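K.L.:
So the chains spell out like this:
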Amino acid sequence: MEGLSWRSLRHEGLALAGLCLLASALAVALLAPWLAPHAPGVPAGGVYAPPGAAHWLGTDDGGGDVLSNLLYGAQVSLLVGFTAAFISVIIGAGVGLVAGYTGGRTENALMRLTDVALVLPDLPLIIALVALTRPRLLNIILVIGLVGWAGTARLVRAQTLAVKQRALVLRARALGAGRARILLRHILPLIFPLIVVNAVLVVSLAILNESTLSFLGLADPRVVSWGQMLNLAFTRGAMSAGAWWSLVAPGLGIVWVVLGCTLLGQGLEQLLGPRRQGHHLALTPPAPGPVLPPEPDAPLLRVRDLRIEFGGPPVARVVDGVGFDLRHGEALGLVGESGCGKSTLLLSLLRLLPAGGRIAAGRVEFGGRDLARMGEAELNQVRWKGISLVFQGAMNALNPVRPVGDQVEEALRRHLPELDAAGRRRRAGELFELVGLASSRRGEYPHQYSGGMRQRAVIALALACQPRILCADEPTTALDAVVQAQILELLDQLRRELGLGVILVSHDLGAVAQLCDRVLVMYGGTLVEEAGAPALFERPRHPYTQALLQSLPDLSQPGRPLAAIPGAPPRPGALPPGCCFAPRCGVALVRCHTETPRLRALQQGAAACHLLEGER
Amino acid sequence: MQRYAFFLRKVGWGLGTVCFVLVLNFFLFRVLPGDPARAGVRDPRLSPQAQEAIRTRFGLDRPLINCLESLNPLRSGPCFTNPLDTQFFRYLANLFRGELGFSYQNSQPVAQILGERLGNTVLLLGAGQVLAILLGVALGTAAAWKADTRIDHAALVLSLLAWSLPTFWLGMVLLFWGSSLGLPIGGLRTPGLGAEGWARWVDLARHLVLPTLTQTLVFMAEYMLIMRSSLLEVLAQPYILTARAKGLGTFQILRDHALRNAALPLVTLVALNLGLTVAGAIQIEAVFSWPGLGLATFEAVTRRDYPLLQGVFLLLALGVVGANLAAELLYSCLDPRVREE
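For the protein sequence lines, the chains are A and S, in the order given.
The first sequence begins at 1 in my numbering and counts up one residue at a time.
The second sequence begins at 1 in my numbering and counts up one residue at a time.
In case anyone wonders, no lab produced these hints; they're calculated from the structure.
Check before you lean on any hint, since a few could be wrong.
[As the list claims (entries may be wrong)] Covered stretches of chain S (chain A as the covering partner; in silico rule of three or more C-beta atoms under 8 Å from a C-beta of chain A):
no.	segment
1	120–126
2	173–179
3	200–213
4	277–286
5	313–320
[Said to hold, decoys possible] Derived DMTMM-like pairs: lysine to aspartate or glutamate, alpha-carbon spacing no greater than 25 Å straight-line:
no.	chain 1	residue 1	chain 2	residue 2
6	S	10	A	107
7	S	146	A	480
8	S	10	A	115
9	S	146	A	376
10	A	385	S	256
11	S	146	A	12
12	S	146	A	269
13	S	146	A	107
14	S	10	A	444
Keep in mind that this is a model prediction, so the values were computed, not measured.
Every residue gets a Cβ at the ideal spot worked out from N, C-alpha and C, and that includes glycine.
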């Protein structure tokens with residue numbers, strides 16, 4: 001695929017280094033007759049003569065020139081390595097392709113066979129086979145090749161299963177193309193890069209197996225190989241004669257070729273593999289700037305001029321100049337298309353940004369402290385106890401190998417040290433009942449729960465330490481309508497009973513209308529409109545909010561056509577100049593493309609739009 | 001119920017593989033040119049009595065196995081034989097009694113040689129693998145935690161280099177270096193050192209240093225690479241973010257949420273790697289004259305001692321199959337999801 005092009009190869013240092021090592025070894029093997037000063041395996045000097053002008057790498061136990069043997073040895077190593085690997089890969093790929101594509105009984109039988117072959121120890125099997133059939137180069141190649149196919153088969157089958165469902169392959173099947181044709185013309189090209197990467201690994205294993213075999217005394221006596229050189233040196237007193245050169249040189253030869261394969265394989269794998277996501281252990285550094293004294297009569301949470309950046313240079317500005325207040329018992333909705341910075345905004349409140357993210361400016365004031373500039377240890381006290389989160393996609397928000405109740409109790413142990421084990425268990429049970437889960441299911445694992453139950457468990461977890469603010473990121477996506485309504489009902493009830501501040505991020509404007517008092521509309525990392533929920537839904541002011549509401553079905557106006565917003569939201573780091581909604585706005589002025597509008601207070605709420613200038 | 005079904009299925013599968021190994025072992029050593037029993041009869045190193053003993057023990061005058069025709073109950077052609085009177089049955093019966101024939105070398109029973117040497121191999125493999133796993137997991141964790149820093153890159157390059165070293169060669173280099181430090185160059189204990197108690201153990205430990213070091217270096221690299229990539233994958237999972245949002249510290253997250261999950265693939269790998277581990281043992285024992293199964297393999301090959309080779313092959317294959325089964329069952333205990341697939 002495109003990943004294998006020469007250009008990307010050039011950028012990948014590992015692969016290039018490996019390729020150089022292999023190419024030079026190949027050159028040496030091909031040019032050995034011209035490069036080597038002596039014929040291979042014949043006496044050319046004294047026994048164990050140290051390296052010198054006559055013999056650059058000294059001589060071996062029979063007086064043979066080590067350098068010449070080393071150069072000729074490359075031939076055997078590469079010949080056996082590549083031909084044996086070729087046999088293994090052809091068999092393995094064939095078995096894997098057929099098993100993966102045909103499925104059913106054939107697949108079952110082939111994969112059982114593969115499993116058995118994988119479990120059998122390679123080297124003892126190879127040793128037994130070569131010992132019984134006499135060590136000849138051809139036998140060695142065949143045996144190593146025939147024994148090492150199983151790993152490839154398993155890999156290719158898994159990949160074939162994945163590729164089989166791709167549109168291209170499905171189309172070819174629908175058009176009635178024959179099996180062989182689909183396998184060879186459509187599936188094989190798709191998995192070929194994977195086979196190449198795997199083949200490189202198989203070559204290195206084959207070379208290691210060949211040299212081990214030779215070292216153990218099962219070398220073809222008619223040719224010189226590196227393993228055999230080591231065997232002779234080792235068994236014929238090089239060690240006691242102090243003839244290190246006869247031990248070091250062939251070993252370095254093997255390392256040279258195998259390292260070449262390893263580096264090439266590793267490099268190619270990095271090129272072809274999916275890009276790894278950053279991990280969640282990366283700490284978000286405190287924001288720059290001095291810690292300012294807290295503002296008087298501050299609400300529960302006050303966010304001021306928050307700016308969040310990633311990477312750089314060039315810097316991607318994901319959230320810019322966002323500010324809002326959240327009062328006790330208030331529910332705030334945060335809406336906008338995907339990629340507008342809503343989730344990032346939530347994560348930044350507790351400084352939980354993905355690796356590379358940072359708060360570049362602004363304040364997050366909670367309980368008289370600025371969370372953006374707190375020490376990590378202090379912040380860990382606020383996390384979950386002060387502000388807790390319900391993450392998007394509850395599927396993976398719980399650790400799959402620990403019981404659900406255990407994960408709730410863990411939060412209690414961290415933040416409520418006054419509770420003893422029995423108290424924690426009791427409290428966890430109460431929390432389960434609170435969200436409508438049977439407390440008897442505390443000991444079960446997440447995979448034993450249904451999607452709705454998992455979502456409830458995640459909410460129970462978020463409520464465990466009686467936080468003052470609950471931030472919920474799409475808590476009801478992927479749930480059916482009944483469960484959705486139940487969960488929203490639950491959040492609303494908790495907010496009224498406990499005075500909980502709620503921030504709800506959702507694509508579901510209906511849910512927002514049902515739960516929230518106020519709504520913030522985000523676009524391109526900025527706030528474009530803010531208003532009380534009834535006002536916003538009745539009379540949206542900003543063109544983006546209007547477009548967003550137009551794209552929703554409305555039961556009170558049946559027959560109204562739904563209008564999707566043309567285009568896609570801008571990528572952070574590539575924001576257009578002026579108002580970032582202007583390119584998609586139906587009523588944009590010339591000025592909108594050059595001048596960024598500021599958020600301006602209106603009679604009800606606020607909006608950032610040039611068209612609303614002068615209005616109230 | 002589901003759980004028992006899972007265990008039964010796995011154990012059944014393991015037994016099936018064992019049967020396959022038994023059959024493979026029989027045909028491997030009889031159909032191929034080197035047939036141990038036949039070669040044994042002709043081997044000039046054996047006395048006529050011993051040759052006769054082999055002939056009757058293995059039933060060499062009997063057919064290998066009933067031919068297909070004899071399976072037809074209506075016909076009793078020339079190739080009909082009592083199934084209990086074939087070589088295959090005798091092979092199974094002998095195996096069942098623990099009789100694996102006699103080594104050509106000193107006419108000792110193969111089973112006895114294997115029994116003496118098994119313990120030594122287990123000692124060597126145990127010490128090396130435990131060290132390799134501990135160090136590999138520690139290094140892999142450090143590399144993943146500090147991903148894409150200099151520590152990570154250095155660990156990656158060193159691991160790739162260590163992975164590319166042939167085990168036997170690394171052993172020889174260490175042997176060369178170790179002997180200059182005065183460490184013993186081979187064997188299990190110093191001959192003639194009649195010491196009892198403490199001194200004996202010290203002597204054994206000194207003999208263990210170099211072979212264990214070799215094994216640790218070779219396998220540590222691989223465990224480190226696997227642990228690193230597995231941990232990186234786990235650390236990108238949402239539940240790690242949940243753990244951080246809960247206010248847990250980095251070490252607590254690693255200990256309670258990341259390491260166990262990341263170690264799961266490692267359990268499978270250690271099991272799948274047993275074949276490689278055994279291969280490593282053969283090389284290390286050959287270099288350090290460590291009297292275990294690996295050295296037995298080496299000796300059997302160099303001396304064309306087929307009964308011994310067959311015995312070693314059988315024992316190693318069965319050991320790897322059994323250990324694999326154990327690892328799969330262990331895995332199912334560690335990961336609650338596996339049992340219900």
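K.L.:
Compare the structure with each hint and give your call.
P.N.:
Against the structure, the hints come out as follows:
1. For a cut-off of 8 Å, the count of residues in the segment 120–126 of chain S with a CB near a CB of chain A stands at 0, and the three-residue condition is violated.
2. Evaluation of the coverage hint for the segment 173–179 of chain S: fulfilled, as 4 residues show C-beta separations to chain A shorter than 8 Å, against a requirement of three.
3. Restraint check on the segment 200–213 of chain S versus chain A: 0 residues with Cβ-Cβ distances below 8 Å, three needed, restraint violated.
4. Given a C-beta distance limit of less than 8 Å, the hint that chain A covers the segment 277–286 of chain S holds, as 5 residues qualify and 3 suffice.
5. Coverage of the segment 313–320 of chain S by chain A holds in this model, with 4 residues showing a Cβ closer than 8 Å to a Cβ of that chain against a need of three.
6. Restraint check for residue 10 of chain S and residue 107 of chain A: the C-alpha separation of about 19 Å stays at or below 25 Å, so the hint holds.
7. At roughly 41 Å between alpha-carbon atoms, residue 146 of chain S and residue 480 of chain A are farther apart than 25 Å, so this suggested pair is violated.
8. In summary, the hint linking residue 10 of chain S to residue 115 of chain A is supported, as the alpha carbons are separated by about 12 Å, within the 25 Å threshold.
9. Of the pairs offered as hints, the one joining residue 146 of chain S and residue 376 of chain A holds, with about 18 Å between alpha carbons and a cut-off of 25 Å not exceeded.
10. Of the supplied pair hints, the one linking residue 385 of chain A and residue 256 of chain S holds, its CA atoms being roughly 20 Å apart against a limit of 25 Å.
11. Pair hint residue 146 of chain S plus residue 12 of chain A holds up; C-alpha atoms about 21 Å apart against a cutoff of 25 Å.
12. Annotation: proposed proximity of residue 146 of chain S to residue 269 of chain A holds, straight-line Cα distance about 21 Å (limit 25 Å).
13. Restraint check for residue 146 of chain S and residue 107 of chain A: the C-alpha separation of about 42 Å exceeds 25 Å, so the hint is violated.
14. Taking the CA atoms of residue 10 of chain S and residue 444 of chain A, the gap is about 24 Å. The hint holds against a cut of 25 Å.
Violation of the numbered hints given earlier is confined to hints 1, 3, 7 and 13; the remaining hints are satisfied by the structure.
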